[in-house]
Amino acid sequence: MKSEESGSPQDDVSVATMKDRRQQMELTFPSDFKYLGAVDAAIQDLAREFAFSQSSINDLSAALIEACSNAIEHGNKFSKRKRVRVVLGFNGGSLSACVYDQGAGFDYDKILGRSLPPEPISERGRGLMIMQAFTDELNFKYVAKKGLCVELVKVDKDSATKAEGGEAG
Amino acid sequence: MKITQREVGNAVVLDLNGKLTGGPDAETFREVFKSLIDRGKKNIVVNLEKVSWINSTGLGILISGYTSVRRGGGDLVIMHASDRIESILYVTKLNLLFKSYESEESALTAFDEK
Numbered sequence: 001m002k003s004e005e006s007g008s009p010q011d012d013v014s015v016a017t018m019k020d021r022r023q024q025m026e027l028t029f030p031s032d033f034k035y036l037g038a039v040d041a042a043i044q045d046l047a048r049e050f051a052f053s054q055s056s057i058n059d060l061s062a063a064l065i066e067a068c069s070n071a072i073e074h075g076n077k078f079s080k081r082k083r084v085r086v087v088l089g090f091n092g093g094s095l096s097a098c099v100y101d102q103g104a105g106f107d108y109d110k111i112l113g114r115s116l117p118p119e120p121i122s123e124r125g126r127g128l129m130i131m132q133a134f135t136d137e138l139n140f141k142y143v144a145k146k147g148l149c150v151e152l153v154k155v156d157k158d159s160a161t162k163a164e165g166g167e168a169g
Numbered sequence: 001m002k003i004t005q006r007e008v009g010n011a012v013v014l015d016l017n018g019k020l021t022g023g024p025d026a027e028t029f030r031e032v033f034k035s036l037i038d039r040g041k042k043n044i045v046v047n048l049e050k051v052s053w054i055n056s057t058g059l060g061i062l063i064s065g066y067t068s069v070r071r072g073g074g075d076l077v078i079m080h081a082s083d084r085i086e087s088i089l090y091v092t093k094l095n096l097l098f099k100s101y102e103s104e105e106s107a108l109t110a111f112d113e114k
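Chains as they are written, first to last, in the numbering used here: chain Y, 1 to 169; chain B, 1 to 114.
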């Protein structure tokens, strides 16, 4: 891995893979929007590998980009010293993404309690709408020793069928 | 994000290239729209053909441009939005705010209707 000041965005993204019953891949990158393209590329590639439909891939990517954007902006507040960590997991037809930041945490009950959509010309407040609309599950949870995680889960029926038949995974 | 401007008839087309994600792009956009309004340009088409995706901060940039132009008595429409971008506009209900066109020719008719 190179320093944050040099190299292409991809050079600053570390990828670790772990193969077991539930396959996982981890991405860690600095708090800068320029790395979102690498996140998109990773999820597109991984979901395709597990035979997800392009529609499901695009949905999950839109939600993940949003969660990472929030982690960069609201969690790490664009601090170059802080990183965003994404743990991607595949489990029999569903892909999950846990997004961790190094911020002070947030009151997710308050965020989930927002019942009204933003005003049409409001420039903010659509991140949660995007994450909810494009995933089958959206969870905010505390993971011991790891911190607060925004977990996104997307189920792809075609991929699940293939996984059961031993074609993927 | 790269922005190229070109004048077509009574409109200005902004050709965007890259990912619309906010950050430094927000200030670039603000300057572009301020310059357009200062020059009396009221009819704006944002060409999203080379924008692969957008996040909520990027949507905020588009909305900011829209409100600036509308305040100046003009209008802003979009064209060539990908399926990914169209679906994000739909779930955020911004499809009700932005008129979206599949071609430049049809986008330019938005300003003839007035």
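These are computed hints drawn from the structure, not numbers from a lab.
Using N, Cα and C, we set each Cβ at its ideal position, and we do this for glycine too.
Do not take every clue at face value.
As the list claims (entries may be wrong) - Straight-line distance between alpha carbons at most 16 angstroms, and here's what the computed EDC-like set of lysine to aspartate or glutamate pairs gives: (1) B:Lys93 / Y:Glu26; (2) Y:Lys146 / Y:Glu49; (3) B:Lys2 / B:Asp15; (4) B:Lys50 / B:Asp112; (5) B:Lys93 / Y:Glu137; (6) Y:Lys157 / Y:Glu137; (7) B:Lys2 / B:Asp38; (8) Y:Lys34 / B:Glu31; (9) B:Lys2 / B:Glu49.
Claimed, not checked - Here are some chain Y residues the structure puts well away from chain B; computed CB gaps all over 12 angstroms: (10) Lys34; (11) Ala104; (12) Asn139.
Hint check, failures only: Those not satisfied are hints 1, 2, 4, 5, 7, 8 and 10.
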